[in-house]
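Number of protein chains: 2
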Amino acid sequence: MTARVVDFETVDLRFPTSSALDGSDAMNPAPDYSAAYLVLRTDAGDGHGFTFTIGRGNELALAAAEAVAGRAVGLRVDEIAADLGGFARHLAADSQLRWLGPDKGVIHLGTAAVVNAAWDLVARIEGKPVWKLLSDMSPRQIVDLVDWRYLRDELTPEAALEMLEQAGSGRAERESLIRREGYPAYTTSAGWLGYDDEKLRRLCQEAVDAGWDSVKLKVGADLDDDRRRCRIAREVLGPDRRLMIDANQTLGVREAIDWHRALAEFDIWWFEEPTSPDDVLGHATIQRAIAPTHVATGEHAHNAVMFKQFLQAEAIGICQIDACRLAGVNEAVATILLAAARGVPVCPHAGGVGLCELVQHLSIFDYVAVTGRLDNRVVEYVDHLHEHFTDPVRMRDGRYLPPERPGYSAQIKRESLERYRFPDGAAWA
Amino acid sequence: MTARVVDFETVDLRFPTSSALDGSDAMNPAPDYSAAYLVLRTDAGDGHGFTFTIGRGNELALAAAEAVAGRAVGLRVDEIAADLGGFARHLAADSQLRWLGPDKGVIHLGTAAVVNAAWDLVARIEGKPVWKLLSDMSPRQIVDLVDWRYLRDELTPEAALEMLEQAGSGRAERESLIRREGYPAYTTSAGWLGYDDEKLRRLCQEAVDAGWDSVKLKVGADLDDDRRRCRIAREVLGPDRRLMIDANQTLGVREAIDWHRALAEFDIWWFEEPTSPDDVLGHATIQRAIAPTHVATGEHAHNAVMFKQFLQAEAIGICQIDACRLAGVNEAVATILLAAARGVPVCPHAGGVGLCELVQHLSIFDYVAVTGRLDNRVVEYVDHLHEHFTDPVRMRDGRYLPPERPGYSAQIKRESLERYRFPDGAAWA
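Going down the list, the protein sequences come from chains A and B.
Under the numbering used here, the first residue of the first sequence is numbered 1, with each subsequent residue one higher.
Under the numbering used here, the first residue of the second sequence is numbered 430, with each subsequent residue one higher.
No lab work stands behind these hints, which were simulated from the structure alone.
Certain hints may be false.
Stated by the list, open to error - Where chain A lies over chain B, by a calculated footprint (3+ residues, C-beta under 8 angstroms):
| hint | region |
| --- | --- |
| 1 | 432-442 |
| 2 | 835-847 |
As the list claims (entries may be wrong) - Some chain A residues near chain B, calculated using beta-carbon distances under 8 angstroms:
| hint | residue |
| --- | --- |
| 3 | A64 |
| 4 | V73 |
| 5 | G105 |
| 6 | R152 |
| 7 | D153 |
| 8 | T156 |
| 9 | T275 |
| 10 | Q309 |
The beta-carbon is built from N, C-alpha and C at its ideal position, and this holds for glycine as well.
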């Protein structure tokens with residue numbers, strides 16, 4: 001029998017995180033971390049995937065995932081596994097659905113859930129975690145994952161191939177190093193905007209005690225508050241640990257430059273999401289003004305065309321891909337290649353529900369098979385909601401230990417799916 | 430009694446246009462023109478609005494419109510009328526829904542339906558068509574319609590105010606001129622990609638006979654076909670009428686430049702949507718290469734931040750706002766102000782379902798109250814589906830005659846709502 005995709009199951013999963021102001025920032029005062037969760041059912045087993053939202057509207061992301069997943073039903077699993085690039089392009093090729101984006105918004109979020117589920121499926125069949133599946137691919141196979149239509153003016157497939165071939169020789173050594181030491185990370189858990197000064201100080205101290213050397217604070221609502229909070233953080237961190245700030249898009253271009261100037265004395269490593277995530281040229285203006293502080297953005301950069309431009313305009317010093325805002329693994333790989341060609345570090349956005357579980361695979365692949373570099377590379381870490389995953393992240397001394405189990409670490413426990421299903425799970429009833 | 434928004438009604442409206450290949454282009458081979466239609470019910474009467482899609486996924490736009498419209502229920506109508514800018518910002522201010530965009534995709538399309546319905550409502554109450562309501566506003570009132578947060582680095586509210594005050598003196602004369610002569614237009618009805626050469630030639634001749642002096646062809650699938658089709662069109666149009674081409678995003682940056690070169694002998698006035706609508710820098714590269722042909726884009730430019738950048742990068746010579754891709758009248762006004770400050774003509778995207786009905790209001794306002802210019806300004810016209818509207822566009826000699834009835838010309842006849850409701854209307858059953 002030829003195994004095919006036979007069906008899919010979806011769950012509108014929401015966690016009532018707003019009750020404790022976990023995750024609060026200047027743009028998003030009270031998020032309920034949520035996942036539009038999707039299981040691809042096939043004759044060869046299940047694949048688990050999701051996209052991330054912050055509460056209301058999760059039902060729209062779920063409906064979009066269902067519309068896109070319909071295009072996968074009936075496809076042969078061996079053909080999906082042999083051409084994950086073609087599979088991703090097939091999902092995106094319904095011109096009527098494409099109109100709703102194109103390549104952005106709810107339909108793109110929904111596509112991510114399906115693409116991520118397919119990668120989980122294929123990795124399980126291959127018996128490898130996704131980072132290892134990716135890292136074992138040939139340069140040609142990696143290049144073929146990408147939709148090059150709008151990217152060739154920045155990077156040709158041929159140039160990407162050459163870059164990957166040059167990186168090929170050291171793969172085994174780098175894989176051993178990651179297995180021994182893990183991948184570097186930073187923590188955002190200390191700095192949510194809704195936390196008071198005492199809690200901020202305590203959490204910064206706990207972060208230092210736990211071995212973290214990079215900490216990020218939320219800013220952007222009130223400049224006096226931000227100066228006071230940055231002073232507290234810098235006092236606790238001392239002069240040698242890295243402090244980053246994140247305004248979550250609340251500022252205009254000139255306002256962001258002024259904001260940074262008022263905080264520069266606290267030695268800011270990067271300034272994240274200073275303004276509209278669509279404003280490539282605005283970010284470039286800010287980057288010129290605040291160097292050597294890096295501009296960082298990407299959790300709301302909706303596709304590889306946006307990252308292409310951020311890189312072309314020299315608008316960012318840190319490239320923050322998101323595993324679900326981009327249309328899943330394939331578009332993340334595209335962006336990792338673009339950033340590598342420009343020498344810009346990829347430091348993925350994480351947190352939320354399960355974003356840490358996903359992006360660790362992408363960054364380990366980035367190191368093992370693409371750049372071979374760890375300098376100025378850190379994956380975000382937030383200590384929320386990992387207990388709901390069957391293969392949660394494992395941290396040691398502020399580093400991600402590489403996942404060992406097959407798949408994309410995307411599976412949520414059955415009891416969590418039932419308890420947090422909206423609106424009828426026990427957590428909401 | 431204080432009138433309030435009491436409720437809303439929605440209809441998933443789809444027209445089976447794909448059966449005749451009307452509207453076919455290189456990216457969208459078979460669209461079913463659709464509207465996520467919304468009626469705001471208030472104690473002071475109804476307001477009608479919609480957003481436009483091309484078929485599958487219209488249910489997502491509708492669900493988004495419903496999520497956003499919930500924020501309007503209970504608001505006072507007099508307060509909405511007195512501060513339409515504040516109303517639009519209130520709709521967009523749900524941070525959980527905002528995450529789904531932000532300011533793009535399905536949630537932005539849904540917001541457009543609600544904002545457009547509110548403008549229809551207020552214009553009916555004032556007894557004016559929307560273009561007249563807008564044109565009678567003071568410069569300060571117009572400036573207050575706009576969300577300036579991300580725009581000030583390009584245009585300050587103060588500079589916009591000064592520009593509008595300078596335009597104030599000639600308003601009455603310009604309004605008379607438009608009432609006498611109408612607003613210039615061009616036709617896309619001749620050039621859909623699915624039409625054969627004979628039909629193309631016949632429709633071009635009919636366009637010439639009907640007084641059109643500007644005609645647009647769809648291109649971008651096959652260059653030999655496009656050369657043959659452009660030759661036919663240019664033969665029929667003669668040397669003095671304007672020919673535009675539209676690739677509907679199918680090409681890469683360098684490919685678009687080559688494509689234009691192969692068609693340049695047919696004297697192309699503008700080249701529309703040559704590549705990804707997100708690629709500001711790519712459009713700038715194309716514009717530099719193909720001048721004096723203008724690059725035109727905007728029907729998929731999702732917000733004013735994108736238009737700001739297209740203008741800043743000198744990436745477009747023609748600014749094609751869309752009445753539903755942007756979040757309704759307010760963001761269209763923002764973009765009209767940005768384009769006016771740069772001297773770039775606004776030539777709105779239209780066609781589909783009811784886009785002609787809406788954008789005529791915006792262009793007439795642009796002329797009467799903002800730029801006072803008609804040179805190189807044309808509104809798209811497509812002769813589809815006007816019969817379903819209670820106040821359809823009226824054309825004379827290739828020009829739009831200004832709407833005279835109160836509202837935004839957005840209301841669809843009750844019998845059409847019933848017949849084309851998906852999936853249970855008689856047209857689909």
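Each hint tested on the structure:
Using a Cβ-Cβ cut-off of 8 angstroms, 0 residues of the region 432-442 of chain B lie near chain A, which falls short of the minimum of three, so the contact claim is violated. Beta-carbon proximity to chain A at under 8 angstroms applies to 0 residues in the region 835-847 of chain B; the threshold of 3 is not reached and the given coverage is violated. Below 8 angstroms, beta-carbon pairs count as interface contacts, and A64(A) has one with chain B at about 6 angstroms; its hint therefore holds. With its C-beta approaching chain B no nearer than about 15 angstroms, V73(A) sits outside the 8 angstroms limit, and its interface hint is violated.
At a threshold of 8 angstroms, the smallest CB-CB gap from G105(A) to chain B is about 1 angstroms, leaving the interface hint in force. Look at R152(A): its Cβ gets to within about 5 angstroms of chain B, closer than 8 angstroms, so that hint holds up. With its C-beta approaching chain B no nearer than about 4 angstroms, D153(A) sits inside the 8 angstroms limit, and its interface hint holds. The closest approach between the C-beta of T156(A) and any C-beta of chain B is roughly 10 angstroms, which is over the 8 angstroms cut-off, so the hint fails.
Interface restraint check for T275(A): the shortest CB-CB distance to chain B comes to about 6 angstroms, inside 8 angstroms, so the restraint holds. Checking Q309(A) against chain B by beta carbon gives a least distance of about 5 angstroms; that is within 8 angstroms, so the hint holds.
Violated hints for the displayed structure, listed by number in ascending order: 1, 2, 4 and 8.
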